[in-house]
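Input sequences plus hints: build the corresponding full structure.
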Amino acid sequence: MSVTAVIGAGPAGLAAAWELSRRGLPAVVYEQDDIVGGISRTVNYRGYRFDIGGHRFFTKVSLVREMWEEILGPDLLERDRLSRIYYRGKFFHYPLRPASALVGLGPIEAARVLASYARAQLAPLSEERTFEQWVVNRFGRRLYEIFFETYTEKVWGMPCSEIAAEWATQRIKNLDLKTAIKSALVRSPRIDGEVVTTLIDRFHYPRHGPGMMWERCRDLLAERGIPTHLQSRVSRIRHDGRRVVAIEVRAAARAAGDGGDDRDPGREIEVDHVVASMPLSTLVRVLDPPPPPEVLAAASRLRYRDFMTVGLIVDREHLFPDNWIYVHSPAVRLGRIQNFKNWSPEMVPDPRRSSLGLEYFVQRGDDLWSAEDGALVELGARECETLGLLRRDEVVDGTVIRMPRAYPVYDDAYREALPVLRAHLGGFSNLHVVGRNAQHRYNNQDHSMLAGVLAARNVAGESHDVWAVNVEQDYHEEVRAPAAGRASGGASGGDRLVPAAAAPATVEELLREAFARYDPIALGGALGTVAGLGLFAATALMLVRGGDPVGPNLSLLGNYLYGFRASWSGALVGLVEAGLGGFGFGYLLGRSINGLVGWHEIGIRKRLELATTLDPLGAGDR
Numbered sequence: 023m024s025v026t027a028v029i030g031a032g033p034a035g036l037a038a039a040w041e042l043s044r045r046g047l048p049a050v051v052y053e054q055d056d057i058v059g060g061i062s063r064t065v066n067y068r069g070y071r072f073d074i075g076g077h078r079f080f081t082k083v084s085l086v087r088e089m090w091e092e093i094l095g096p097d098l099l100e101r102d103r104l105s106r107i108y109y110r111g112k113f114f115h116y117p118l119r120p121a122s123a124l125v126g127l128g129p130i131e132a133a134r135v136l137a138s139y140a141r142a143q144l145a146p147l148s149e150e151r152t153f154e155q156w157v158v159n160r161f162g163r164r165l166y167e168i169f170f171e172t173y174t175e176k177v178w179g180m181p182c183s184e185i186a187a188e189w190a191t192q193r194i195k196n197l198d199l200k201t202a203i204k205s206a207l208v209r210s211p212r213i214d215g216e217v218v219t220t221l222i223d224r225f226h227y228p229r230h231g232p233g234m235m236w237e238r239c240r241d242l243l244a245e246r247g248i249p250t251h252l253q254s255r256v257s258r259i260r261h262d263g264r265r266v267v268a269i270e271v272r273a274a275a276r277a278a279g280d281g282g283d284d285r286d287p288g289r290e291i292e293v294d295h296v297v298a299s300m301p302l303s304t305l306v307r308v309l310d311p312p313p314p315p316e317v318l319a320a321a322s323r324l325r326y327r328d329f330m331t332v333g334l335i336v337d338r339e340h341l342f343p344d345n346w347i348y349v350h351s352p353a354v355r356l357g358r359i360q361n362f363k364n365w366s367p368e369m370v371p372d373p374r375r376s377s378l379g380l381e382y383f384v385q386r387g388d389d390l391w392s393a394e395d396g397a398l399v400e401l402g403a404r405e406c407e408t409l410g411l412l413r414r415d416e417v418v419d420g421t422v423i424r425m426p427r428a429y430p431v432y433d434d435a436y437r438e439a440l441p442v443l444r445a446h447l448g449g450f451s452n453l454h455v456v457g458r459n460a461q462h463r464y465n466n467q468d469h470s471m472l473a474g475v476l477a478a479r480n481v482a483g484e485s486h487d488v489w490a491v492n493v494e495q496d497y498h499e500e501v502r503a504p505a506a507g508r509a510s511g512g513a514s515g516g517d518r519l520v521p522a523a524a525a526p527a528t529v530e531e532l533l534r535e536a537f538a539r540y541d542p543i544a545l546g547g548a549l550g551t552v553a554g555l556g557l558f559a560a561t562a563l564m565l566v567r568g569g570d571p572v573g574p575n576l577s578l579l580g581n582y583l584y585g586f587r588a589s590w591s592g593a594l595v596g597l598v599e600a601g602l603g604g605f606g607f608g609y610l611l612g613r614s615i616n617g618l619v620g621w622h623e624i625g626i627r628k629r630l631e632l633a634t635t636l637d638p639l640g641a642g643d644r
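With the sequence shown counted from 1, adding 22 to any position gets you the working numbering.
These are computed hints drawn from the structure, not numbers from a lab.
Beta carbons are placed, not taken as given, at the ideal position from N, Cα and C, and that holds for glycine.
Do not rely on the hints blindly, as some may be mistaken.
Label-pair distances were calculated between CB atoms; the ranges are [said to hold, decoys possible]:
1) 96 - 149: 46 to 52 Å
2) 556 - 149: 25 to 31 Å
3) 151 - 449: 49 to 55 Å
Cross-link-like lysine to aspartate or glutamate pairs, in silico, DMTMM-like; alpha carbons within 20 Å at most [claimed, not checked]:
4) 82 - 407
5) 112 - 92
6) 82 - 56
7) 112 - 171
8) 112 - 167
9) 82 - 102
10) 82 - 92
11) 112 - 407
12) 82 - 223
13) 112 - 344
Spelled out as structure tokens, the structure:
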């Protein structure tokens, strides 16, 4: 009987095996590590459970959600989300809460942020090839420097000017500062007629961490006749140029390693299909016969970022309320902190204690990766004390978990190499690549699972473009639903398997584009920023120049701005009052323009309705 070999027991591989089992198709899973789950595993250390990063179970894909519920049942808990950013000794809610941000940054810094945002809107960068350019165009340079630059460069170990913009479109809520503020002020803001719930404030999470999902999935697959072989490395994929005909499997030398046991001669297994989630660069190198030199060269240009969790056991019942904290401080090397007790109380066996996962973004062979575990636990404890989260003497134990190739790197080399590799692998009719590393794409767990399911359906004879998963240019956690009173027009975004092909523009869409409205808040904010800062700068300039009297003409504004005069205190009064006046003027101007545009649009609609009545077929039906 023909069999499908699934390489890798992470979310993509096990989801593929699950779908194959549902269809009664034989399969076998090979995993080189000694644990399932890939980067979504949960490591048990003396009863304390640590994730490789935090893994929320949130998805817009109903198929994936149903799979989670089927496998976990009541062990899939619903949790509240709280995440914050640590910056300059203060904590800022993430997503942005304007009031707390204003208090935390102070009025001067807040004014700089707004001015920078206004400048980005008035004169955006003409090119968006890099992460830096993408963020600056949407948030302004100052907010980029405060809340994006430091943390992102920790994650990737390189300047933001070298990171491709594609990463930002996948990982950052695709809204500008104006909409972020709107989201915080309005319970259900609307964009293009849709209600937007942003940056999910509740999510699901397995009782014993994400590894529980994959361990149970492995066990259920075994009951259905699909075994998972751990510490089994696929060292060769033999093919005839069009189809894969067999794979060679060897014993893996060690957990989480790239090598194998050279003493094991390996065993060859004939296969009908291969679903591979191994790193793309490794996959290409194990093809036999080997690919052309240009394909091997492209594979060598792909880069990966490694990851390390330092797990701390802390002798305190409660540390802080967050699920996780982003650390935007160059004073410490850690990038993010997970408080696992706040994910699920059952991650910690002793309710009198807490456990933290300190995330370090590293490269194999650097000083952190090569350090002794004890030294890393000590470093983590000291850095948490530096941040004011605990006392060093409260840390009673710890462990270190290293994860190679955790993040595929988005750089110029990746942009050039990936099409070459896709074209070559696309020449094999029965080789299906799925998941984060095999597709060299920063997928969320649910997108990796969906890719695995679609690959399994392709094995069953269907035809799906696995590469089309996760090409939407919207943020993974931004959910858009039709506004009240508006017809949904079919399945919601949460029911789509893959993004649908672009449909022809409807009359409604054309009208919405032709009669785009001003955002009164954005216009008011921009005019208010320019007016307030402009008056402050003009007053400051007069004061620096001096004279007797100082700025007599400028002082005449005191007739209109209560308390304003040519002094430093007057400059602050002018900043506030001119800012508020500019905001009010811009807001009313925007509303007025929108009213005129709406009135004109109504006239166009009436003429269109009349034309449709006279010509019932309509131009779109020819």
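Cross-check of the supplied hints:
Between residue 96 and residue 149, the C-beta spacing of about 51 Å keeps the proposed range 46 to 52 Å intact. Between residue 556 and residue 149 the Cβ separation comes to about 29 Å, which falls inside the hinted range of 25 to 31 Å. At roughly 30 Å, the beta-carbon separation of residue 151 and residue 449 lies outside the given 49 to 55 Å, and the hint is violated. Note on residue 82 and residue 407: the hinted pairing is violated, with a Cα-Cα distance of about 39 Å set against a maximum of 20 Å.
Restraint check for residue 112 and residue 92: not satisfied, since their Cα atoms lie roughly 42 Å apart, outside the 20 Å limit. With a C-alpha separation of about 31 Å, the suggested pair residue 82 and residue 56 falls outside the 20 Å cut-off, and the hint is violated. Note on residue 112 and residue 171: the hinted pairing holds, with a Cα-Cα distance of about 17 Å set against a maximum of 20 Å. With a CA separation close to 16 Å, the supplied pair residue 112 and residue 167 stays within the 20 Å bound.
For the given pair, residue 82 sits about 18 Å from residue 102 by alpha-carbon distance, which is consistent with the 20 Å threshold. For the hint pairing residue 82 with residue 92, the CA-to-CA distance comes to about 17 Å; that is within 20 Å, so the pair holds. Pair hint residue 112 plus residue 407 holds up; C-alpha atoms about 14 Å apart against a cutoff of 20 Å. Distance hint between residue 82 and residue 223 is fulfilled; the C-alpha atoms sit about 14 Å from each other, no more than 20 Å.
Restraint check: the Cα-Cα separation between residue 112 and residue 344 comes to about 14 Å, which is no more than 20 Å; the hinted pair holds.
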